[in-house]
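**Q** Please construct the entire structure, taking both the sequences and the accompanying hints into account.
Chains as they are written, first to last, in the UniProt record's numbering: chain A, 1 to 240; chain B, 1 to 240.
In short, the hints are calculated from the structure, not lab data.
Misleading hints may appear alongside valid ones.
Claimed, not checked - Here are the simulated DSS-like cross-link-like pairs (lysine-lysine), alpha carbons at most 27 Å apart as the crow flies: (1) B:K168 with A:K223; (2) B:K168 with A:K149; (3) B:K168 with B:K140; (4) B:K217 with A:K225; (5) B:K226 with A:K214; (6) B:K226 with A:K225; (7) A:K223 with A:K137; (8) A:K137 with B:K59; (9) B:K165 with A:K214; (10) A:K149 with A:K137; (11) B:K140 with A:K223; (12) A:K225 with A:K149; (13) A:K198 with A:K214; (14) B:K140 with A:K137; (15) A:K223 with A:K149; (16) A:K214 with A:K137; (17) B:K228 with A:K149; (18) B:K217 with A:K137; (19) A:K225 with A:K214; (20) B:K217 with B:K59; (21) B:K226 with A:K149; (22) A:K223 with A:K198; (23) A:K223 with B:K226; (24) A:K149 with A:K56; (25) A:K137 with A:K198.
As the structure is a computational prediction, the values presented were derived from the model and not from experiment.
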Amino acid sequence: MATQNLCTVERRGRVHLITLTGAGEHRLNPALLSAIRSAVAASAGAGALVLAAEGKYFSNGFDQAWASTAPRHLQATMGGEFRGLVADLLALPMPTVAAVTGHAAAAGCGLVLAHDAVIMRGSRGFLYMSEVDAGLKLVDFFAEVFREKVPDAVNRRDLLLRGDRMAAPEAVRRGIVDKAVDGGVEDVVNAAVAEAEKLAARGWDGEVVAEIRKAAWPNLWSKVKDYGADAPAAAARPRL
Amino acid sequence: MATGDLCTVERRGRVHLITLTGAGEHRLNPALISAIRSAVAAARASPGAGALVMAAEGKFFCNGYDLAWARGDPSGRIAAVRAALRGLVADLLALPMPTVAAVTGHAAAAGCGLALAHDTVVMRASRGFLYMGEVDAGIKIIDYFGELLRQKVPDAATRRDLVMKGEKMTAAEAVRRGIVDLAVDGGVDDVVAAAVTIAEGLAARGWDGEIVAEIRKAAWPELWSKVKDYGCDAPSRPRL
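**A** Written out as C-alpha cells, the structure reads:
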C-alpha cells in the first residue's frame, strides 16, 4: 500500500487541505490512518485544516476486510492509530473543518465528528453509525465522541441505537452538521475551505485554540490523549 | 401483596409486553419492582423476543414511590425502594433488545424516571402528564436518578422546568421538547398498540441483542456506571 496514493495535501491560502484520494471507500486501515496523521502533522504553520475526500465516500469506516486477515496485534494497531488521529485533531493548534463529501459510516462518522465544524454535501451521502446493524460494539472513546458532539439524547439514540442513515438536511436540522452544500464534491470542498479561511482569518493563537478545544471536550480528550503525536513516547512510560 | 396481581406478561409476535395491572396508581414498592424485574428477566430469557414494551392499565402509568408504605419506616423504606428501582433501571439498560415505554397515563416522579429509562417513549395524547413531583412533595432526587434525567433530558431549560418547577407536561408538550417520541390519540389500548407496533419494527431489524445492550451502555455511560452494580448481572458484592 503506497502511502502517496492514499491522501494528498495542499495549501489554499491559510488552509491546509487534506484529501483522501481515489474512488474507493477510504476504509481506515493502519496505512491510511498513518498517511492521514502524517498529513495532519504537515499542517504546521497553517491557519486551519480541512479534511475531504474524492468520490462517493468520505470514509466507510474501518477496513474490516483487512482486519479479518490481519493478526490480532495489528488489529489493535488500527484502533490505536485511529485513537491517535482523533487525539492529533483535538490537539491541533488551528480550527478544523470536515468536508463530508460522501458517505461517512462508523469510524468514518466518528472521524467527521472529531472536527470543530462539519460541512456536508446536501444532495448525496449520509452519516451512518452502522455498528448496531453490523453487530459491532462501540469502542469506548467512540461513544465519547458521540456523547460530547451529539449531546441531544434523541439524536444519539437514533444514530447509535437505531442505525438511522442521516442525510445532510436532516443532520443540519438536528444540529449535528453545521451546513449542507449543494452541488458536487468540489463545491463541498470549496465551501469547507471558505469556512476554514474565515476561521483562520480570526488570527487566533493556535495553542490557545487547542487548549480551549481540549477543555471543551475533556472526557473525549482524556480517552485519547495518550495516543496522540504529543503523548509521552511509549519508551518513557515506566515499566515495572 | 401477591406478585401475580401486580403485572402481566404477554408475547405479541416478537414483542414482550409487560402491563402493570389494576386501576390503581402502580406505586413503586419492593414487591411491584420485584415483579417487574421478574417480568423483564422473563423477556430476556424468552426465545425469539425482539423488543420490550412496558405499559399500564387505568389512569396512571406509575405515580412514583409508594410513600404511604414508606411512612412505616421512612429512612429505611425509601432507601430500599430507591435501591430496587436502581436495579430495575440497570436491568433495562442491560436488556439485550430495544425497549419502549407506553405511557398510558400519568407518570410522576419515579414513574416518570421509569418511562425515561426506556429507549423510546410513546405517550397518550389526550390524558395524562409527566410530572417530576419531587419538588412539590419534598423528596430529594438522588444521584442515579439525577443522572437519568441529565442523560435523557439534556436540554437544560426542559430539565429545569420539569425538576425545579414541577411542571406537569402533556404528551404534546413533551414531544415538542424532545422527551417523548410520539403522542398517540385514543385510549390506553391505542397507546399500547402503537408502542407494540414500534417495538415490532425495531425487533424486525434483527439486531444482535448483546450489541444493542453494549451500545446502549456506551451511549449512556454515566448512568450505566451509577446503576450497574445493582443489576441482575452484577457480580455479588464481596462482603468484608
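**Q** Decide, hint by hint, whether the structure agrees.
**A** So, going through the hints one by one against the coordinates:
1. B:K168 with A:K223: violated, 39 Å
2. B:K168 with A:K149: violated, 30 Å
3. B:K168 with B:K140: The hint holds at about 18 Å.
4. B:K217 with A:K225: holds, 23 Å
5. B:K226 with A:K214: Within the cut-off at roughly 25 Å; holds.
6. B:K226 with A:K225: Cα-Cα ~25 Å, so holds.
7. A:K223 with A:K137: holds, 17 Å
8. A:K137 with B:K59: violated, 40 Å
9. B:K165 with A:K214: violated, 34 Å
10. A:K149 with A:K137: Holds: K149 of chain A and K137 of chain A sit about 19 Å apart, inside 27 Å.
11. B:K140 with A:K223: The hint is violated at about 33 Å.
12. A:K225 with A:K149: Holds, because 17 Å separates the two Cα atoms, which is no more than 27 Å.
13. A:K198 with A:K214: holds, 22 Å
14. B:K140 with A:K137: violated, 36 Å
15. A:K223 with A:K149: Distance of about 15 Å is within 27 Å: holds.
16. A:K214 with A:K137: OK: K214 of chain A and K137 of chain A at ~26 Å, within 27 Å.
17. B:K228 with A:K149: OK: K228 of chain B and K149 of chain A at ~25 Å, within 27 Å.
18. B:K217 with A:K137: Status holds; Cα separation ~10 Å.
19. A:K225 with A:K214: Holds - the C-alpha atoms of K214 of chain A and K225 of chain A are around 9 Å apart, at most 27 Å.
20. B:K217 with B:K59: Answer violated: K217 of chain B to K59 of chain B is near 32 Å, above 27 Å.
21. B:K226 with A:K149: This hinted pair holds, its Cα atoms lying about 22 Å apart.
22. A:K223 with A:K198: Roughly 30 Å separates the two Cα atoms, so the pair is violated.
23. A:K223 with B:K226: holds, 19 Å
24. A:K149 with A:K56: holds, 25 Å
25. A:K137 with A:K198: Cα-Cα ~38 Å, so violated.
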